[in-house]
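Each protein sequence line maps, in turn, to chains W and B.
Numbering-wise, the first sequence is residues 1 to 331 according to our numbering.
Numbering-wise, the second sequence is residues 1 to 318 according to our numbering.
Treat the hints with caution; some may be incorrect.
If you anchor each label on the Cβ, the simulated ranges turn out as follows [unchecked claim]:
1. W:G213 x B:L119: 32 to 38 Å
2. W:G57 x B:L305: 37 to 43 Å
3. B:A23 x W:N215: 42 to 48 Å
4. B:D152 x W:R128: 52 to 58 Å
5. B:L43 x W:G57: 48 to 54 Å
From the structure, some residues in chain W lie toward chain B, with a derived Cβ separation under 7 Å [said to hold, decoys possible]:
6. I129
7. P130
8. V133
9. S140
10. I141
11. G144
12. G145
13. I147
14. V149
15. Y300
16. A308
17. I310
18. L311
19. I318
Simulated from the structure, these hints should not be mistaken for laboratory data.
Since the structure is predicted, the reported quantities are computational estimates derived from the model, not experimental observations.
C-beta: ideal position from N, C-alpha, C; glycine also.
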Amino acid sequence: MSATTFVAVTTARSGTLRRFASQEALLAVAVIGLAIVVGFINPRFLAARNLSDLLLGNAYIAVAAVGMSMVIVSGNIDISVGALIGVLATLSGSMAVAGIPIALCWLTPLIFGVAVMAAQGAVVAYLRIPAIVVTLGMMSILKGGLISVTGGKWITDLPQKFHLADLNLFGAPMPVVIMVVATVLAALWMRYSAAGRAIYATGGNAEAARLCGVNPRRTVVMVFALHGLFAGLAALVYATQLRVIQSTTPAGLELTVITASVVGGVSILGGVGTVVGSTLAAILIAEITSALVFINVSPYWTDAVRGALILATVIADIVRRQRRAARAWKR
Amino acid sequence: MKPVRRMPRWLARHETLLAAILAIALIVLGAFAQVFLTPDNLLNQGRLMTEIGLIALPMTFIIITGGIDLSVGAIVGLCAIMLGYSWNTFGFPLPLAILFALGVGALAGFMNGLIITRLKVPPLIMTIATLALYRGLAEGVSQAHSVRGYPDWFYVLGQGSVFGVPTQLLILIILIVVAGVALDRTTFGRTLYAIGANETAARFSALPVDRTKLIIYTLSGLASGLAAFVLVSRVTTTRMDMGMGYELDVIAAVVLGGTSIFGGSGTIWGTVIGLVMIQLLKNGLALTGVKGDATIVVIGVALILSVLIASSLQRRRE
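Generate the whole structure from the sequences, applying the supplied hints.
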């Protein structure tokens with residue numbers, strides 16, 4: 001077991017650049033190719049209005065997937081993110097309606113997101129409880145808590161100034177700006193900073209990382225805290241886009257976010273993957289969902305397609321890893 | 001070295017501790033709400049916990065081997081839809097539709113097991129993927145339509161009773177005994193512990209690791225199918241969102257019952273106590289005026305706390 005892990009890690013390094021290019025290029029080709037094919041079948045799909053709606057409406061998923069990718073690269077998982085985004089969006093919206101200064105309404109989800117996730121990360125890292133148990137428990141706490149506190153009431157009459165997502169920066173809509181900036185900054189940070197590399201080291205082999213002077217526990221807490229920041233940002237984009245905030249958690253959001261990360265090339269075994277891939281994947285998934293409508297497939301099939309997509313990617317990832325390990329073993 | 005006075009072994013067991021907590025909880029809740037300790041209420045709670053209980057049995061097997069199955073709730077939804085849909089739309093006779101639904105459940109579990117054992121995909125990831133896929137299939141096939149209007153005999157399982165005991169509770173009790181004996185007294189059961197304690201060692205001991213795993217994931221799917229049948233029969237309708245969130249209740253019951261999430265230890269009796277505890281907690285809270293949504297908060301807290309306590313106890317022992 002340890003021998004194969006070692007081999008997988010060493011070969012991963014030699015092929016890193018090539019695979020970065022290929023996974024992202026593949027997704028970019030898929031995003032454009034799908035648009036062309038669907039555009040042929042139904043030209044209305046390519047209408048500027050539809051494409052911009054598609055991008056704006058799903059930017060928050062890409063933002064959340066940036067944090068999720070970090071968590072998965074570090075060898076963990078988080079299934080509480082959907083519930084957390086619901087809670088943070090509701091919190092932010094209720095504060096705005098209550099007349100609290102807008103800047104504070106925008107800041108609070110970020111702070112709360114970091115706090116909740118850092119706490120989960122600490123339990124995972126220091127008390128050594130598997131992330132799946134902690135985040136499964138947290139999901140039900142957040143979900144149940146939200147409904148029992150708000151009673152599922154809708155938040156309406158949001159002040160005009162609250163809608164951050166309606167603003168434009170240098171002519172680009174805010175959700176897209178946030179998505180691009182978050183992705184690029186996170187990608188550069190993960191690629192070039194020591195702390196970013198520590199995430200890959202921890203996910204690849206925590207024991208080896210420790211021997212190289214990385215503190216895997218602190219890294220895990222940091223990763224979860226950052227994930228919380230991105231979840232807060234996602235909640236902010238999501239909440240400020242809506243005219244009415246339903247104070248419930250968006251159903252199945254955690255699955256969409258995990259799918260984006262995994263399809264984006266983040267290896268579910270940890271240690272490999274980039275956030276550029278996950279953002280492209282989030283766009284691709286949104287595109288597929290929209291495309292189904294335009295080629296007259298019932299939207300009720302969306303989840304099945306998403307499920308098949310994640311399953312296929314996972315299997316491809318595992319098979320690819322095993323092949324590579326076997327090849328290196330022979331050498 | 002000074003001789004240390006130790007507690008008797010049986011007293012220190014997780015199950016004993018749980019049973020004590022359960023007894024205390026019963027008395028406290030009974031004191032708060034008059035109806036709580038009546039036979040009618042308790043039997044009714046037994047009826048309500050059966051679906052979770054049926055799935056918790058194979059889930060105990062799976063968690064003992066160090067695996068997990070998050071797709072059970074989605075399989076319940078898929079099987080419920082298959083039952084209603086094959087009867088209503090394909091025109092299957094109802095008994096055949098029931099068998100078909102059970103078969104779909106077993107097949108769904110078999111798929112999980114096959115890919116987990118053949119391609120070595122981690123169970124957590126595999127079943128997250130199939131959670132999305134199976135729920136998506138239920139949604140796509142049903143187009144979010146519900147099916148109702150089953151014949152009367154269909155409701156015997158979910159609403160009838162034998163000698164005053166709810167039918168499905170009897171089935172659950174029989175299966176609990178079968179699962180308990182299988183885990184404790186058969187080579188199959190002991191193989192599960194061996195896999196959970198050290199999978200490589202189990203392989204080198206010529207134990208059929210892959211075949212055993214394949215069997216337990218298939219059983220998990222089959223049990224989810226059976227739970228779907230019981231559930232549809234109890235609530236008289238079929239919807240694609242059935243069984244949503246079951247994985248939380250099932251895993252909470254198993255882990256609360258002392259099965260280690262890291263594999264290698266656990267018992268069916270523990271799971272049964274965990275199951276009863278969760279159901280009574282839900283019921284007791286509801287009777288004392290806590291809303292339904294707040295109870296899932298309690299389950300989430302119970303899940304995290306029980307793993308925390310179990311792992312800190314284990315660390316102290318080491």
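These are the hints, each one checked on the structure:
Distance hint check: the CB atoms of G213 of chain W and L119 of chain B are about 35 Å apart, consistent with the given range 32 to 38 Å. Distance hint check: the CB atoms of G57 of chain W and L305 of chain B are about 39 Å apart, consistent with the given range 37 to 43 Å. Hint check: A23 of chain B to N215 of chain W, Cβ distance near 45 Å, so the stated range 42 to 48 Å holds. For the hinted restraint 52 to 58 Å between D152 of chain B and R128 of chain W, the CB-CB distance of approximately 53 Å keeps it satisfied.
In this structure the hint that L43 of chain B and G57 of chain W lie 48 to 54 Å apart at CB holds, the actual value being about 49 Å. Hint on I129 of chain W holds. Least Cβ distance to chain B is approximately 5 Å, under the 7 Å limit. Evaluation of the P130 of chain W hint against chain B yields a held restraint, the C-beta minimum of about 6 Å falling below 7 Å. Annotation: V133 of chain W was flagged as interfacial toward chain B, and the flag holds, the nearest CB pair being 5 Å apart, inside 7 Å.
With its C-beta approaching chain B no nearer than about 3 Å, S140 of chain W sits inside the 7 Å limit, and its interface hint holds. A distance limit of 7 Å between C-beta atoms decides the matter here; for I141 of chain W the minimum to chain B is near 4 Å, and the interface restraint holds. Checking G144 of chain W against chain B by beta carbon gives a least distance of about 4 Å; that is within 7 Å, so the hint holds. Given the 7 Å rule on beta carbons, the hint for G145 of chain W holds: about 5 Å separates it from the nearest Cβ of chain B.
The restraint placing I147 of chain W at the interface with chain B holds, with a minimum CB-CB distance near 4 Å, inside the 7 Å limit. Look at V149 of chain W: its Cβ only gets to about 9 Å from chain B, farther than 7 Å, so that hint breaks. Nearest Cβ of chain B to the Cβ of Y300 of chain W: about 5 Å, under the 7 Å cut. The hint holds. Among the interface hints, the one on A308 of chain W holds; its C-beta lies about 6 Å from the nearest C-beta in chain B, closer than the 7 Å criterion.
Residue-level restraint check for I310 of chain W holds (minimum Cβ-Cβ distance to chain B is 5 Å; threshold 7 Å). Interface hint status for L311 of chain W: upheld, as the beta-carbon distance to the closest one in chain B is roughly 4 Å, under 7 Å. Because the closest C-beta pair between I318 of chain W and chain B is about 5 Å apart, less than 7 Å, the hint holds.
In summary, the structure is inconsistent with hint 14 from the numbered list given earlier, while agreeing with all the others.
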